[in-house]
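Fit chain D to the supplied structure of chain G, relying on the hints for placement.
Taken in sequence, the protein lines are chains G and D.
Per this note's numbering, residue 1 is the first one in the first sequence, and the count goes up by one each step.
Per this note's numbering, residue 1001 is the first one in the second sequence, and the count goes up by one each step.
Among chain G residues calculated to face chain D with C-beta under 7 Å, some are:
| hint | residue |
| --- | --- |
| 1 | Gln-41 |
| 2 | Gly-101 |
| 3 | Pro-108 |
Think about it this way: if two alpha-carbon atoms lie no more than 25 Å apart in a straight line, the pair counts; the simulated SDA-like pairs of lysine to any residue are:
| hint | chain 1 | residue 1 | chain 2 | residue 2 |
| --- | --- | --- | --- | --- |
| 4 | G | Lys-78 | D | Gly-1041 |
| 5 | D | Lys-1003 | G | Ser-58 |
| 6 | D | Lys-1071 | G | Gly-101 |
| 7 | D | Lys-1017 | D | Arg-1058 |
| 8 | G | Lys-11 | G | Leu-112 |
Please keep in mind that the hints were generated in silico from the structure rather than gathered at the bench.
Small disclaimer: the values here were computed from a predicted structure and weren't measured.
Note that the Cβ used here is the ideal one computed from N, Cα and C, for glycine as well.
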Amino acid sequence: EAGVVQSPRYKIIEKKQPVAFWCNPISGHNTLYWYLQNLGQGPELLIRYENEEAVDDSQLPKDRFSAERLKGVDSTLKIQPAELGDSAVYLCASSLDRAPGETQYFGPGTRLLVL
Amino acid sequence: SQKIEQNSEALNIQEGKTATLTCNYTNYSPAYLQWYRQDPGRGPVFLLLIRENEKEKRKERLKVTFDTTLKQSLFHITASQPADSATYLCALGDQTGANNLFFGTGTRLTVIP
Chain G
1 EAGVVQSPRY
11 KIIEKKQPVA
21 FWCNPISGHN
31 TLYWYLQNLG
41 QGPELLIRYE
51 NEEAVDDSQL
61 PKDRFSAERL
71 KGVDSTLKIQ
81 PAELGDSAVY
91 LCASSLDRAP
101 GETQYFGPGT
111 RLLVL
Chain D
1001 SQKIEQNSEA
1011 LNIQEGKTAT
1021 LTCNYTNYSP
1031 AYLQWYRQDP
1041 GRGPVFLLLI
1051 RENEKEKRKE
1061 RLKVTFDTTL
1071 KQSLFHITAS
1081 QPADSATYLC
1091 ALGDQTGANN
1101 LFFGTGTRLT
1111 VIP
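Next up, chain G with everything else stripped away, as it sits in the complex:
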């Protein structure tokens, strides 16, 4: 069974440019998460989707970040405009549902470098 797929794996852009990350979760997983991981730190939750509904986006910087999960499957995370401080790894994860303790399966992440 395929795991969580993310693309691109690496992205280098100049500041003020827009960037988008794509995530395809494990088939049948209703819950999808986007995390941000800075170097030497643990992942931090940005947004959680239950099917196509964003149910927890309290940590998403809404002035420049946006996300969508059309049809409750694939998801896209966008930054516009990007800032130097956005350089990090963006991880997508999915779980079967939102039940507490349900295993989260992570993709390999997209490593973003903003110059």
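Chain D alone, transformed into the frame defined by chain G:
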């Protein structure tokens, strides 16, 4: 807000010994706690889950304990192997009934042959 501390940034041990990693937390009462492994350039991989009413869980060479009084979890790898070298993350599960996780900064374990 919650604070999660993992005992050290890096831990070096000799092959065959038991590695013990510590996760301490404050200002929080997690309903459960999970441990993940992360290799360079890859996403975290789930290892073990332990709930607040459980004291200990085992899986093959792995053992995790959870002390809600001390607000601490210990993660043990027995008979360690060089292939166990990785970063290990503890994650607290929230009490809201959702599946949100709050991760520690991780401990980078190196097992020396």
